[in-house]
Structure formats: C-alpha cells, structure tokens
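One-letter residues, chain by chain:
Protein chains: 2
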Amino acid sequence: MVKQFSAFAPATISNVACGFDVFGFAIDGPGDIVTARFSDKPGITISAISGDEGRLPLKTMSNTAGIAANHLMNTIKSAVGIDLQITKKMPFSSGLGSSAASAAAAVTAINALLDYPLKHEELLPSVVEAERALCGSSHADNAAPALLGGFILVRSTEPLDYIKVPLPENLHYALVHPKIEINTNDARKALPKQIDLFTAVKQWANTAALVQALNSSDFGLLGRSMVDYVAEPVRAKMVSHYQEVKETALANGAVAFTISGSGPAMFAFSDNADKAEKIATAMNAVYNKYDIENTVYSGKIKHDGTTLIRE
Amino acid sequence: MVKQFSAFAPATISNVACGFDVFGFAIDGPGDIVTARFSDKPGITISAISGDEGRLPLKTMSNTAGIAANHLMNTIKSAVGIDLQITKKMPFSSGLGSSAASAAAAVTAINALLDYPLKHEELLPSVVEAERALCGSSHADNAAPALLGGFILVRSTEPLDYIKVPLPENLHYALVHPKIEINTNDARKALPKQIDLFTAVKQWANTAALVQALNSSDFGLLGRSMVDYVAEPVRAKMVSHYQEVKETALANGAVAFTISGSGPAMFAFSDNADKAEKIATAMNAVYNKYDIENTVYSGKIKHDGTTLIRE
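Protein chains in written order, with the working numbering: chain L, 1 to 311; chain F, 1 to 311.
Keep in mind that the hints were calculated from the coordinates and are not lab data. Computed from a prediction, not measured in an experiment: that's the story for all the values here. Errors might be hidden in some of the hints.
Each pair may be met inside one copy or between any two copies, as identical chains are not told apart.
[As the list claims (entries may be wrong)] Derived DSSO-like pairs: lysine-lysine, alpha-carbon spacing no greater than 30 Å straight-line:
#1 3 / 193
#2 289 / 164
#3 193 / 237
#4 278 / 179
#5 202 / 189
#6 289 / 179
#7 278 / 119
#8 59 / 300
#9 202 / 300
#10 237 / 202
#11 202 / 164
#12 202 / 119
#13 275 / 179
So that you can see chain L by itself, here it is in the shape it has in the complex (with noise of 0.2 Å):
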C-alpha cells in the first residue's frame, strides 16, 4: 500500500462580532480533508479535487492548499514531490474559512508524510501565508483555529502572537449557511477605512469584555460584548433576511448572533445543545420559507483544530 497520511481540518467561524481579525473558533462541524503522498513529479501537485462542483483550480500557486503546502517546502528546505488530493466537506465562500482548512490540512498531512520535520504550531506560518496570497493581507483568525482548534485571539500576525483562550464548557454554537454568494474581497472593500474614535472605544471595550467573558463562563456578558460597530453594520445588508434570521436565534434563547466571518454564514451561541439545535431548526426554518438553499448545523468548539485521519 502506497504511504499517505490525511488530514481533517475543520470549519472555522471568525470575527466573533467586535473581534473583528482578532477572533476566530474552531467548530466541531463540517470540514476539508487532505491527502498527502510522495509523488515522482517534483514540487508539490494536486491530482484531484472533490466536492467543490468542479471551481476551485488545481494549479498548486492558485489553491490555499498548494500555496500552503508550498511554503512548508521552503520552510524546511525539502524538494520532494508530493501529491495533493483535496475533498471539500464544506461549503467555500461561506465566510467559514474554507480556505485555511485546506491550507491547514495539506501541511499536516505533509508533515506526518515526512515524519515531522516541523512541530503541529510551526505549521501555523504556512496556513497563514495561503491566506495572505489569497486576500492580499495576512490575517490568522481562520487559521489559527483551523490548525490549531479552540477560540484563540490572535494579538498580532506580524510577528504572529496568538493565544487560545479558556472555554465555558456549555458554550454551543448554531450556524446557518444559506447558499448566497458573498466574495470575501468585495466584502472587505465594503468595509469603513477609518472609524471614529468614539466608535472604536466601544468595539475594544468589547473585545476585552468578551474575553472576560470566556473566562469567567459569563453567558450574559458574552451577549453584551458580542456588539460589532464595525462589519456588521456593512456586512448584514449583503445577507438576504439577515435580520429576521438575527431575530429569530435571539427569540430561540441565542445569547448572540452574528455573522461569521464576511458571511453569508451567521452563527449564534448558546449555553446548551438542545437550545442550539432549536436555534439552528428555526433558522433553517426562516430561509426554507423563502426557498434559499441553506445548511444548518448546531454543536461544540472543535479544541483539537487539524487532525490526521486514521487509515
């Protein structure tokens, strides 16, 4: 049998409202695979994609998985050939960072491939390097968690500091993807250039309380600080029933909800499963009645981010 490793590398929701390119959560849902193994063609190729209805390219330095798997090459000065096989099981332009679950699951794959040239966090780098040719700046609020798991903050990119920050164990989500297409590059243009000061004193004072929040298992000061000034004002009104979806989760027992990342997937949280599947049917429920295609899914943080797949 031909030596491969796969890997899994979950769906990630960023922004977490005020958090805007600071915050992002692994979640225990959908998800990219990768396969990894040596190859007779020098560099890195990808053979073969799956689930992706045939759109994204498989040219290496066009797909966040090559240009990921790419960069861990250089990193560790190998010029082995490797072969790529991608299967999509989630959704891509969804705002639930399928693009750094590919990147993330093509170098960890690579990694066990090669027995470990690099520890799992020294992957994080290359994942963030994909994502910065993907959307002309680096940012690791996808990666992170992808690779990663868990909630983490990323303090800086540059250099990179990122810490993981401390979970209420009941702390659920419910996610709706409705199938509108939103391109995160048109999604960042909309964004303000400059804020007021007044209005950015508010959105750190969230940032930090949110935190705080995580801490101390403090559901109603997670609500409280999950208001976003900045994204969201913008970003909601690319979302078709944005509102009455909003209004809907918060009337189902959502302690928050907001868009995830630069959508069209919004998420709610919850302090328990049964109220995040309830959240989740009846925003399932909104879009169904007005015929949009949409996925839902309710359940827990992922905390342990890319994983290999047993074979």
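Guided by the hints, dock chain F onto chain L, whose structure is given.
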C-alpha cells in the same frame, strides 16, 4: 461629638496603554479623604479643602466632590443639609484620577452618614456624573476603580456596564509623577478624531490580550499587549523626558510602561515588589537629574476601592 464619617478614595490609573477609556485600576498609594457631617445649611456645602494649595473651588457645583454629592442627594431624593471637608492627599491634574477620588470619597462618606440608603456600587453613577460634568463626556475608567477598587473594565458607560478583572497576585506598579502641568481637556483634544481600521484592529487585539494576560497571570503577554497606538503617541510628547523614563523603567525590569490617564504621571508594571521599588527609584533619579520636582510610589493594586476611615 458631632456625628461624621470620613472616607478614603485611592488614586487610580486609567487607560492602561491600549485600553483608552475602558481600563482603570486603583493603587494602594495616595488618595483623597472626604469628611461628611450634617449641616444647618440646606443642600451640599464644602466648608474646607486642604492639601490643594488653594486651587480647588469651594463652590459645590464647581467641585467634583460637590457634584457627586449633589447627584447622590437627588438620587435618594433627600434635601438634608450636609457639609463636606476635603483633604487632598494626592496631586491633582496628575493623571491619577484626583477628581474621581474626591467624588468617590464624598459619596461614600455621605452614604454612611445617612445610614446607607444605597449599596456601595450604587454610588457609581454619582461619581461618573462628576466626571461627566468635569470633562464633558461620561467615562468611568477612573470613577469605577476609585469607588470599587481592583482592575476594572468599563464595557459601556451608557448604560453603565463594568467588570472587575481577576489579577495576578504578584502584580505590582511603580509610578512617577513629575510636577509638569497637563490639562486633561487639552490632552483629550490632542487625540485623533478618527483612526484607521488597521490601527484600530491592533488596539482591540491588545485590549483583548491584556484581559487574557491578567486572567492567566501571563506577564509576557501583559507586556506585549500594553502597546497603545492612539493616546500614548500624542500624550507622551507632552511629558518631558518621557522616552528616557520609559527606557529606564524597562531597563530596570518593568513588564510594561506607559502614561497614566492623560498624564503627566507614568507607571510601570512589574512581577514583584522589589523590582517595582527599584523601577520607582530609577525613574525618580531621571527627573532629579533634570531638577524636575517629582514623586514616586510603588506597591500593589488596591482591591477594596473607597473605604470608610475609623475615627
């Protein structure tokens, strides 16, 4: 003996680098004492102020202690005559929350004199009102720690929403107050009205990281997070020899160093008492070298805020 109550309110350090308008903590150093007793004159009068070199107004509604006291009496709908005597035991216009301290001491003493119509924390709106009257916008980053002690995150002022953040047991401060006059209103006017999104992201990543650092007693992270892109760059220029004092503090083992409030006081954090004292001595030496009158303090956070003095 005439029935009277005296309360001591501590000096406070607000902003704490990245946390402009949202963080503040009380120190176990200097502070103000206010004595309250019943008076035949209706309303609030201030009969004496000492320790102010004759510079603070006796007129009730021009003095923060008077404004806070008046707000408290309106809140509890009492018209009883009360006289205040204020003993300033800390410098004012120093960036150490002198106005909040007088206000907090006044309402605490009055609340005791009237046999506790309000809980201690219910006095906060009166202290915040005094701050609002003084500087035009309501903020509680000195008021809340002066009254309640500890390290406070003010998530919102309207409505008032604050949280005490847990602290490392071995957190110490070293403080220097050079006798340089800086007007708080001038210091606020010098602030940027707008900040670019990129800078704002760095600032709110830091406020989040500072809270995480305090919760996890991570002094390395505390130091990295105490970077201010908004107020310090403007205000440091108003304080003579700022950079030299900062370098001196850091060279003597400070975890972080920044301006206190709107200055001119400055402070450093340290992870032990001896180091804090050494830093204070070194900062004192810098200003002595330039023949600038200065006072230094070092110690711990004051956890209990404003307290009654046993007489």
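Do the hints match the structure? See the list:
1. 3 / 193: neither (49 Å within a copy, 60 Å between copies)
2. 289 / 164: Neither: 39 Å inside a chain and 45 Å across chains, both beyond 30 Å.
3. 193 / 237: both (18 Å within a copy, 27 Å between copies)
4. 278 / 179: Intra 21 Å, inter 62 Å, cutoff 30 Å: intra-copy only.
5. 202 / 189: both (22 Å within a copy, 19 Å between copies)
6. 289 / 179: Within one copy, since 14 Å is at most 30 Å while 69 Å is not.
7. 278 / 119: Neither, since 40 Å and 40 Å both go past 30 Å.
8. 59 / 300: neither (35 Å within a copy, 59 Å between copies)
9. 202 / 300: Answer is both; intra-copy 28 Å and inter-copy 28 Å each pass.
10. 237 / 202: both (22 Å within a copy, 26 Å between copies)
11. 202 / 164: For residue 202 and residue 164, the Cα distance is within 30 Å both inside one copy (23 Å) and across copies (17 Å).
12. 202 / 119: For residue 202 and residue 119, the Cα distance is within 30 Å only across copies (27 Å; inside one copy 38 Å).
13. 275 / 179: within (24 Å within a copy, 59 Å between copies)
Checked against the numbered hints above, the structure breaks hints 1, 2, 7 and 8 and satisfies the rest.
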